[in-house]
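Start from the sequences, fold in the hints, and give me the full structure.
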Amino acid sequence: MDPFESEIKQLIVEALALEEIAPEDIETDAPLFVKGLGLDSIDALELAIAIDEQFGVEISAEDADSGEIFASVRSLARHVAENQEAPSDEPQDA
Amino acid sequence: MAEAENLPQLWKRLGAPALVLAYPLLVYFGLRTLGPLLLGALLATAVALWLVARLRSEAPAPWRSTAAPLAPLILLVIPALLLEEQRFVLLYPVVINAVLLGVFWRSLRSGMPIVERMARLQDPDLKAAEVRYCRQITWVWCLFFVLNGSCAGYLAFWGSLETWTLYVGLLSYLAMGALFVVEFSIRKVRFRRFGDGLPDRIAHAVLKHGESEPDDANEWTQIVESGSVRGVQFIVALSTILGRPAVRGLMRLVALYYVASDSTTRDASRAFHRRLGIPSGLPAIYRNVLRFAYNASDRIFLLKRQRHLFRFERHGDELVRTLQDQGRGAVLIGAHFGSFEALRAAADDDAFPLSIVGFFDNAKKVNSVLQALDPELASQVIHVTPDSMGYMLEIRNRIKRGELVALLGDRTTPGASSVEVEFLGSPAAFPTGPFSVAAALRCPVLLVFCIGRDPNVYEVHCEHFADPLELPRRPAEEELRGAIQRYADRLEHYARLAPDNWFNFYDLWSNGA
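As they're listed, the protein sequences go chains R and Z. If you want our numbering, it's the 1-based position in the first sequence plus 5. If you want our numbering, it's the 1-based position in the second sequence plus 1.
Each statement offered as a hint is correct.
To list a few chain R residues with every Cβ distance to chain Z over 10 Å, as calculated:
{"hint": "1", "residue": "D34"}
{"hint": "2", "residue": "R79"}
{"hint": "3", "residue": "S80"}
{"hint": "4", "residue": "Q89"}
Beta-carbon label-pair distances, calculated as ranges:
{"hint": "5", "chain 1": "R", "residue 1": "E87", "chain 2": "Z", "residue 2": "E314", "range": "47 to 57 Å"}
{"hint": "6", "chain 1": "R", "residue 1": "E58", "chain 2": "Z", "residue 2": "E377", "range": "28 to 38 Å"}
{"hint": "7", "chain 1": "Z", "residue 1": "F360", "chain 2": "R", "residue 2": "E19", "range": "24 to 34 Å"}
{"hint": "8", "chain 1": "R", "residue 1": "E58", "chain 2": "Z", "residue 2": "V382", "range": "19 to 29 Å"}
If you are wondering where the hints come from, they were derived from the structure by calculation, not from laboratory data. For every residue, glycine included, the Cβ atom is placed at its ideal position computed from N, Cα and C.
Printed below as a string of structure tokens:
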């Protein structure tokens with residue numbers, strides 16, 4: 006499993022204050038918004054801010070609208086991996 | 002033989018209308034050359050011929066429709082001849098206008114308005130908006146008959162025979178024709194219903210140019226919009242030609258029209274003034290609608306960067322300046338109160354990078370007209386797209402870059418979350434979205450209101466709201482209410498300063514419950 010994926014799950018629970026959900030409960034491929042976790046657009050904003058603060062990856066409006074970045078934890082992790090300025094040693098894909 | 006029979010037939014069919022239409026000229030030349038006695042005899046002969054033709058026809062037309070225009074003629078001509086007073090003959094157009102006024106007026110009081118009845122001849126299936134429109138136009142014709150009849154009456158008594166003839170024989174027909182053509186054009190632009198007649202085909206050819214056929218789902222918004230695109234283009238062109246003072250004059254007429262015709266706006270404005278506890282009569286409503294019209298027309302001059310036409314009075318701009326000097330972005334929360342275009346212009350003067358967030362999709366075409374005036378407009382607007390979240394990130398990224406992003410905090414949308422706070426003495430629903438966004442961004446939050454004043458002043462009021470807006474994640478209604486109440490209190494303060502700048506023309510207090 007991509008280490009970003011578990012970090013992002015942790016981030017989702019913390020940044021969005023999802024008290025009743027544990028990071029490991031979030032399915033990597035489950036949709037985050039509307040269905041699945043049922044997050045709204047303000048959650049998306051919070052999550053984008055948290056991702057920027059933690060990984061230094063800014064998500065642009067175009068990326069958010071056109072790509073599938075917010076589709077699932079997996080797609081978020083891939084985006085972070087592809088756009089991090091100082092690539093780490095960790096594997097790029099799961 | 003056939004022709005000999007056709008002439009009375011023709012006279013029966015067209016005699017009455019021809020006599021009515023040609024009446025002014027007949028009277029003019031009759032009185033000048035024949036004198037009242039011979040003219041009377043001539044008119045009597047014409048009426049007699051018409052009666053004979055009618056009696057001899059095998060299928061007589063209904064009496065009322067053909068006899069109606071001639072009865073007053075006989076009633077006026079006889080005393081004119083007996084008393085040798087030609088003024089009676091000149092009153093005929095007044096009687097005709099009075100009769101038409103009576104017919105149109107009665108159709109408004111009971112039964113179906115005349116204009117609607119005529120519209121249904123072309124297509125019996127009318128939409129509710131068209132029925133409303135037909136009623137308004139019937140009113141317009143009533144007004145026309147009053148004015149036209151008054152002019153004819155005035156000239157009959159106090160004008161010379163020549164001016165009377167010029168007016169009733171030519172000018173009033175031209176006025177009638179102009180009213181008809183203008184109304185026909187408005188009707189075609191608004192409702193886009195085209196028959197097979199030549200004028201309809203011409204109208205269709207002109208109007209379909211460059212436009213796609215609207216589909217059913219958003220037919221109405223498109224129709225309304227295409228109408229308003231033309232309206233906006235017209236006003237933009239007019240503004241360029243006439244300049245701001247003339248456009249302001251025009252806006253007074255527009256406001257008058259809206260106050261007279263739009264009861265929803267009128268009721269909303271009245272209700273708002275009542276809540277403020279200030280006079281809520283028609284003058285106050287007119288000032289309110291007029292301010293809205295001024296505001297809309299000023300947008301054109303502001304977008305064209307004719308800022309020398311305006312004077313900006315700034316209050317609290319040092320707050321923004323300080324933030325800008327520190328390289329910090331901020332959320333500005335405003336309202337549908339005063340002018341956002343003027344705010345944009347004031348910020349631009351100060352070289353403050355300001356974007357405005359809003360729903361602009363339902364006026365895309367109108368916006369494209371305005372955007373042509375100022376290409377930069379596009380980059381300074383963030384469109385809210387309810388189905389995606391890109392716009393949220395756009396807000397965030399701009400603030401991160403140190404820019405200012407303005408949100409409107411006073412209008413709830415169906416389905417969006419809202420809370421009730423006290424506003425002007427009663428609970429009213431305000432949206433939570435703008436405040437949740439401001440809290441999530443953890444940046445300075447300011448309130449901005451830009452009040453329009455006569456003749457050309459825009460007062461920009463900027464004040465501190467929070468830095469940052471501290472709300473817990475997933476705030477309870479109570480926690481949001483505190484912040485929103487503070488906003489509502491400030492909005493109330495400014496609304497009291499300039500009630501005419503209040504542009505929420507709906508009942509704010511009915512939404513929440």
